[in-house]
Every structure is written in structure tokens, then in C-alpha cells.
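Assembly of the complex is requested from the two constituent chains, each provided in isolation within its own frame, with the hints serving as guidance.
Residue strings, one per chain:
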Amino acid sequence: MAASSTTVSSAGPSRPAPNFLERLRGGDEAAYLITFIAAASILLITGMLVYELFVNSADARAKFGWAFLFTQTWDPVNDEFGALPFIYGTLVTSFLALLMGIPLGVGAAIFLAELAPPKISDALTFLIELLAAVPSVIYGLLGIFVLVPILRLVEPSLRSVLGWTPFFSGPFYGVSLFSAGVVLAVMIIPFIISISREVILAVPGDQREAALALGATRWETTWDVVVPFAKKGIMGSIFLALARALGETMAVTMVVGNDPKIKASLFAPGYSIAAVIANEFTEATGKLYTSALIELGLVLFALTIVINGVARLLVMGADKYKT
Amino acid sequence: MRDLHTLRRKTVNVVMLTITGLCTLFAAGTLVFILGYLFVHGGSSLTLDFFTKLPTPVGEPGGGMANAIVGSAKLLALAMVVGVPLGFLGGVYLAEFGGSTFSFVIRYVTDLLNGVPSIVIGIFAYTLIVLPQKHFSTLAGGLALGVMMIPIAVRSSEEFLRTIPNSLREGAVALGASKAKAILTVVIPAAKNGIMTGIMLNLARVAGETAPLLFTSFGNRFWSPGWEQPTSALPVMIFTYAISPYEDWHRQAWSAGFVLLTLVLAVNIFARAVLAKKKHVAR
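One line per chain: the protein sequences are A and B, in this order.
To convert, note that position 148 of the first sequence is 148 in our numbering; the numbers rise steadily by one, no gaps.
To convert, note that position 222 of the second sequence is 222 in our numbering; the numbers rise steadily by one, no gaps.
Since the hints were derived computationally from the structure, they do not count as laboratory data.
In this text, a Cβ means the ideal position worked out from N, Cα and C, and glycines have one as well.
Misleading hints may appear alongside valid ones.
[Claimed, not checked] Sample of chain A residues at the chain B side, in silico, Cβ under 8 Å:
(1) THR46
(2) LEU142
(3) THR304
(4) ARG312
[To be verified] Simulated crosslink set (DSSO-like; lysine-lysine; CA at most 27 Å straight-line):
(5) B/LYS134 to A/LYS287
(6) A/LYS231 to B/LYS179
(7) A/LYS63 to B/LYS134
(8) B/LYS134 to B/LYS74
(9) A/LYS63 to A/LYS261
(10) A/LYS63 to A/LYS287
(11) A/LYS119 to A/LYS231
(12) B/LYS179 to B/LYS192
(13) A/LYS261 to A/LYS287
Excised from the complex, chain B in its bound form (with noise of 0.2 Å):
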């Protein structure tokens, strides 16, 4: 009797061990299965053509997405504009001067703002300047990407600037700086790599998003000079390539994910490689 109870327990244990392990597995492989899909289908399906020509009129083969690829990189400029700055210096504020009930507030909020739903920044953008000024821009398109890198860029320098050891802050003071030239010429310095590292990894989130785009930046089969006109992007070329009933487009669209994802890829594994001591990485 007590064997066969001792017996049911270790049964127990091993199956839930093993499923346990499974679900590993599955959550793995997903991965190894998305990448592996995508280098062999899209990968094979990349031309040259891809990076230097413009897109066809609708329905014919061939053409590529060099507009949309420089798009996505004047989107990337200006989002950076935006949202480095005010997320960098508003960590340096949570990091250096911060500590009161006011910075548990910009904390919560910050966090709040990453969780809203990309499409919802994009109708903000889109009341802003789209609304006013009456037509689509790439503008903003680069204000809806910037306000997506705000709460990432505040909550990765604070906690970047918060990895200096105090002693650093104190060497600095004792030797007649003052808080803000020790914040300047210590601080910030020393935690360069990490504010840089992040971001990169920042840049890299938005880079893939296509829903504040639909309404903000539009798109545009043509080059889009200067920041006024609508603008094609990477991956809203791949939503419309993806959704058209066109067999060629849906190979463009393989492509376009193929070097979207390479990208991304990329830049979050040499990112983990910079932080490879450090546990913790904003999302």
C-alpha cells in the first residue's frame, strides 16, 4: 500500500517533470522553427532588385522596396529625435535627483505609456499632426515611433545609471565637482555602453512596428522627399505585400520580413552580448 502510494508520487513526478520539459521544448522550437522558415523562404526569395529598385504598379512582377527601406530609416531618424532625449534625460531625473513620491508617479506612468497598444499611439499621432494639418506625413509617422521609445529609453537609463556604484558620484563630489558636472563627467560616462546598448535595442523594438504607421506615415510607392509627404516603411510594406492576392508580392513580402528580421535579430543578440553580465534589460 504505502509502495504503491511512493510509487503514484514518483510517477507524478517524472510525468510533470517531463511536461514541463515539453513545453520547453515547443517554446524553443517555435523559434528555431519562425527563424528557420523565414532564412529558408525568405532568404531564397531576396534579390538584388529588392534593395535598389522602387515598387512596380500594382499587380505587375518584380520591382523591390529601396523607398521603403529608406523610409523606415528617415522614421527611425526622427524617432530617435523624439524619444531619446526626453526618455534619457527624464532616466537621468529617476536615476540622479529622483527618489520622492513625484518619481514613483513618472515611474508608474512611464510604465503605463509602454503598455498602451501601439495602434492607440498611432491615433495620437494621427489627432496631432496628420488631423491639423490635413494629409499623411512622415512626420508623424516619426513622432508615433518616438513616443513608443520614451518610456523604453526612461526606464533603460535609469536603470543603467543606477548600476555606477555610489563611490564613483562621491569620488567625483569630494574632489569639487558638483552633482551635476559629476553626473556629466563620471556618471553618464561610465554608463555609456549600457544607455547605448539600450537604445539600440530600443530603436530595434520600433523598428518592426507597423500599426502607428497605417495612419501616420501611410505609405508611398514612390521616393518621399523631405519630411511633409507620406512615406513607405519597411514593415507596412510587408502588411500590404502580405494581405494583396499577388503571388509576386507575397514573395516581396517574404523578403521584406526576412531582412526585417535579420535586422532586429541582429541587433538584440549583439545588444545581449554587450550586456551579457547584466540580468535585467528594459522591455
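If we strip away everything but chain A, and leave its shape as in the complex, we get (with noise of 0.2 Å):
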């Protein structure tokens, strides 16, 4: 109301710029201010959990420099600390998860996008949707009192046939590297299939249609056109998959077994970054301890942040094809 009489009564050349507490009453500028602020104060959090876990690693990384990554040893009664037994964890659960989550997920998406009916497509999508829902926590429990048991009646088969290469040899107690792999896969695999879905159902009609009518079949369409058209959005997903599995605490450490030993066996119990910070943290007394597990954190982060920044891209650049 102020408003409009100022426009009627300074209509002109010689009218006056409206001040900072005149716009401010006006609202927007305090409503752009205020949201500015909370954007921005998004920056600041990011930025303040990446200064924390550096200025609280700072003993650990002094002492033992990037010799940290690279050693085995974690003895945290004589304050030797080395990072390399759990990277080693993380990585070979993860790909484990990959190996088992790519094929059936990516299967899983093309059958939803491009076979399936729209409705039972879409009611199998909810369902699935819904497993990415279940917290970790209960994948964990699941994996203890369900998936243990059903690989120590699998293990006997699969060592038969598997046996001889070092993979799947030694002792099998149900936790262990492989263990933890399957219930990843489990717990990756709805996002492979609800991102896949989408970028291979946005690849346009025509692509399709051109391939039929040259006589490709259903799966030649499929696989030699359509997959290749949506492949930058499938590997965001599979990228995402990633960085979810990597960070995965809970679940992996209920499974893993929680031995900080690198042996080639999958069947060997491990461990996992994730893991030993959530088992171990409350437990460190020392400051050296405590900085050590929260390096650790560190390059837990770092691992995740680039392979989501790589992620964000892909899906980002195939997301450009929909419009």
C-alpha cells in the first residue's frame, strides 16, 4: 500500500530510488536476504565439516604422514595406526557389491523400462522403490540372522566350484568380505534400477522405432541402441550405487566380521572404514586414537565426494537429453 502511493506520487524523472529500509519493508529484499542466508549458510556447514575432520585429524596426519594409507599395521595399544587393511575392506566389499548389483540391477531397469506394462511396471518400481527405504540398520539384521545362514549352506557349493582360485578358499565362519558384499549388492541395487529406469525411459521413441524397422529385434533395439543412447545416466547410477555402498556403516559392520587383516580369501573376515570408526570410536581413548579413526572419516570422505561429484555429473549430462 506504501508502495503503490510512492509509484503514483514520484512518477518521473526526478523520482527517488527507494532506500535499503523502504525495499526492506517492501519485503523482498529481507525475504531474498533471509533465504540467501540459508543457502549460503549450506556452503558454510559443508565447509565446517570438512574443517573438522581435518583440524581433528591433525595428530594422526603430523605423525604419520601419508605412510597412513599405505600401512598395515593397526595396534592401537602402541599408537601405530595404519589405514590400508580398511580401505582395502571398503574397496573390496564395494566391488563385490558392483559385480553383483550391476548386472541384476541394470537387467532389472531394462525389463521395467522397456518390456514390462506401464502398470506392472510401475507397481514393481514402487515395491522396489520402497527396499531403498529399509534402513541399514535392518539390512544388517537381516544379514546376520538370514543371510549368514543361507551362505553357510551355499558355501559348500560354491568353494566346489570356485575353490581353487585363492578367492574362496580357507575357513568360512558366514561373516566375512563376501558376506558383506552380497547384503551391499542388496542394498544397492534399487538405486541402479530406479535411476536406470528413468534415464533408459527417457531415451526418445524414435531411437526405438528406427531400430525396429530395420528389422532389429526386440533385444538388438534394446541393447545396441537404447542402452547405448542412455549409458552416461546408467553409469551416474551405478556411480551413486557406489558412493553409497562405500559409505555403508551399519550393514557392513554387523557382517563384515571385523578382522583389520588383508587376506586374498573373500571368505576371510575383513573390515571396512565405516565399520571400524562405528565400532571403535567410542572406545579410543588416546588423542592419537581418536585423530587416527578420524582420518580415517577423512578419507572416507574424500573417496565419496569424488566419486558423487563424478556421479552428479553423468546424471546431470544425461539428464540434458530429456529436454
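Below you can see the structure in the form of C-alpha cells.
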């Protein structure tokens, strides 16, 4: 109301520019400022997160330097800390998860996007996306009491086929890198499916029609035309899934066996970065111990940031096709 | 020869398509199995004591998780106070005032923050609150969960505000409203349902978070009055009970898992029913 009267009276070249307070009263500047501060504080929080991780790991970084990443000893009693067994465990379990999760996830995404009637596809996708909402501690619970007993049953036959490789040798206690990989695979499949399905659905229909018109079968159309078109987005979904697998804590902690050793066998118990932080953080006595654990957090942070960064760029690139 | 070639192509076609179908069946089957197992196993071990009693001393059967249920509720309330206003206002900025390089940076950083493992967020809350105070507290746990809520609150608020057609904003401004007034009285009310649903989904997600609570709110076998003491929470109880050696604790872990999953899935199903027409839900 105040604004309208100024507009009328000040019509003409000599109209004074509304000063800051007037604009504030109109609400626009205030709204802009408040929301701007909120948005900027997200940058601040992320910055603080990096800062806190960096500062609080100073002791361990000063003492071990880069060697922290390449040494195997994890001995809290003698204050010797090396991150290699955890980095190894994290990478191996995530790799196993991808090995099992990618074919299943992409396969299901192809089926849901290309073959299933829309109604069935939507219903199934709804179900599968619910899987993504299941808390990770529940996957861990099922891992301990359901998956591990099942794996104990399956293990002899797996060993008879693949036992000649070093990867499936040695005793199997149920909890192992392999078990963690299986749980992670189940956890990441919904992510791969829901994003891949969307990018496949976004592939223009004339691409399919052209291939079919040239006499290609349904599968040839899908595999040679549609999937290459959606490749970037599918890769993006895989990277997102990988980032999630790397950072996953509870489910891995509960089935990986928690043993900081590097062994070739996937049947051997292992450890992951997230799991050691979860297990030992509250028990860590001494500054150096805590500091080493926080440095592990920093390593995990860096790892997931890089993977996520790549994933977002890939998915963003894929989004461009849609418009 | 030609027929043989065609036959081969047709066989490959059928085989591969069947395989993709089996993949789908496996993925959907996993969910049915998880739900079925938890409902049968967890539901059958659920008792009234679970909701009304405190945990019994270590190794002694009986007792419940009343304190953990209240603890979880308190943590979620705190998380909302931390995460929702900041995330929502940030979302308003991106949807209504954004458009510059700065918005791109905010979006990118928000996505990165969303990808930070929850355990690392836990360390962050630990260094901010537990370390200076020298004790675990509900406050620290709530902060950790709140930080986890921010990125999704930003992106879901932004998305729902963007679904509001520009004609509504233009109409309000044409009637003489300032931009702020248009946003406050027209755009936000129009997007209200979506935004609220987004917050519900967000809460459901952090309700199941365990890792960031392990060394912030820690755990407690008794009631935790106020905000300054360590508190028990449902997901942390599932973890401690599941890895314990006691049969009765395993049973209670299943009960807790059943209760938690029922809540989380109920919110998800409800939210998706509300958003049935919108394809994209921020994750």
C-alpha cells in the first residue's frame, strides 16, 4: 500500500530510488536475504564439516603422513595406525556389491523400462523403491540372522566350483568380506534400478522405432540402441550406488567380521573404514587413536565426494537429453 | 543358413529378455522376502512390554524399549528443528530467487552433502558438541540427524515450489503483491502438501539412521530427561541387541526392527500416495 502511493507520487524522472529500509518493508529484500543466508549456510556447514575433519585429524596426519594410507598395522595399544586394511575392505566389499548389483540392477531396469506394461512396471518400481527406504540397520539384522546362515549352506557348492581360486579358500565363518558384499549388493540394487529405469525411459521413442523398422529384434534394439543412448545416466546411477556402498556403515559392520587383516580370500573376515569408526570411536582412548579414526573419516569423505562428484556430473549430462 | 542366423537372433532375444525379467523378479522378491520375514518373525515376537517397559539389566530376559522409542522421537524433533527451516528456506532461495552461478554451486554442494556417509556426519556432530562438552548428549544426536536432513529438505522444497506454475506468481504480482508476499501467500501454500510430504519422507529416512548416533547420542538403558544426557534410540538398540549373545535380546531386536520398518514404510507408502502424480521424488 505504501509502495503504491510512492509509485504514483514519484512518477517522473526525479523519482528517488527507494532506500534500503523501504525495500526491506516491502518484504522482497528481507525474503531474499533470509533465504540467501539459509542457502549460504549450507555452504558454510559443508565447509565446517571439512574443516572439523581436517583439524581434528591433525595429530594422526602429523605423525604418520601419507604412510597412513599404505601401512597395515592397526595397533591401538602401541599407538600404531595404518589405514590399508580398512581401505582394502571398503573397496573389496563395494566392488563385490557392484559385481553382483550392476547386472541385476541394469537387467531389471531394462525389463521395467522396455518390456513390462506400464502399470506393472510402475507397481514393481514402487515396490523396489521401497527397498531403498529400508534402514541399513535392518539390512544388517537380516544379514546376521538370515543371510549368514544361508551363505553357510551355499558355501560348500560355491567352494566346489570356485575353490581352486585363492578368493574362495580358507575357512568360512559366515561373517566375511563376501557376506558384506552380498548385503551391499541388495542395498544398492534399488538405486541402480530406479535411476537407470528413468534414463532408459527418457530415450526418445524414434530411436527404438528406427531400429525395429530396420528389422532388429527387441533385444537388439534395447542393447545396441537404447542402452548406449542411456549409457551416461546408467553410469551415473552406478557411481551413485558405489558412493553409497563405500559409505555404508551398519549393514557392513554387522556382517563383515571386523578383522583388520588383508587376505586374498573373500571368505575371510575383513573390516571397512565406516565399520572401524562405528566400532572403535567410543572406545578410543588417547588423542592419537581418536585422531586416527577421524582421519579415516576424512579418507572416507574424500573417497565418496570424488565418486559422488563424478556421478552427479554424469547424471546431469544425461538429464540434458530429456529436454 | 539364413534361417539359422534368424533363429539364433530370436533365441538370443528370448533368452536375454527372460533374464531381465528374472532380474526384476529377484529384486522385487527381495523386498517381499524382507517384509515377509520381518513381519512374521518380528511381529510374532512383539509384546506390549516392548512399548511400555525399560530394558532389563544385561542378560536378563523381558523388558522393553520404551525409552528408546521416546529417545528416537526426541532426536527426530531436534533434527526437524535443525534441518527443516534451513533446508526449506534454502529451497525457497533456489526456486524463487536463484538462477545464477551461485545457485548452481549451492545445488552441487547440497548434492555432495547428501552423499556424505552418515558416519562422517556423526564425526562432525561429535567434534562440534561432544568434544567441547566432554559428554554424549541428545543434542549432539539431534544435530547429526538434522544436518543429514538439510540436503533433502532443500532439494524437495525446491522441486515442489518449481511445480507451481508461473501464472500464479504473475497473477499475485499483477494484483499488487510484492514478490515476497506472492511467495508467502500464494506459492508456498500451493506447494504446501508436496513440501510437507517431502519432510515426512525425510524424517522417515533419518529415523532409521544408526551410524551417526553411535557416538553422539550414544545410548542409555534408562530414561533420558532433558537434552543434555545420552539417550537411547530405536535403531541403535537394534544394532546393540542384534550383535549381543543373548537369545532374548535377538527377539527384541526383531521386534524393534519390525516397529521401525512398519513406521518407515507406512510413511513412504502414504507419501507416495499423496505424490502419486509427481514422478520425481528427491532422494
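Results for each hint:
no.	hint	result
1	THR46	5 Å, holds
2	LEU142	6 Å, holds
3	THR304	6 Å, holds
4	ARG312	5 Å, holds
5	B/LYS134 to A/LYS287	13 Å, holds
6	A/LYS231 to B/LYS179	42 Å, violated
7	A/LYS63 to B/LYS134	25 Å, holds
8	B/LYS134 to B/LYS74	21 Å, holds
9	A/LYS63 to A/LYS261	22 Å, holds
10	A/LYS63 to A/LYS287	12 Å, holds
11	A/LYS119 to A/LYS231	25 Å, holds
12	B/LYS179 to B/LYS192	18 Å, holds
13	A/LYS261 to A/LYS287	24 Å, holds
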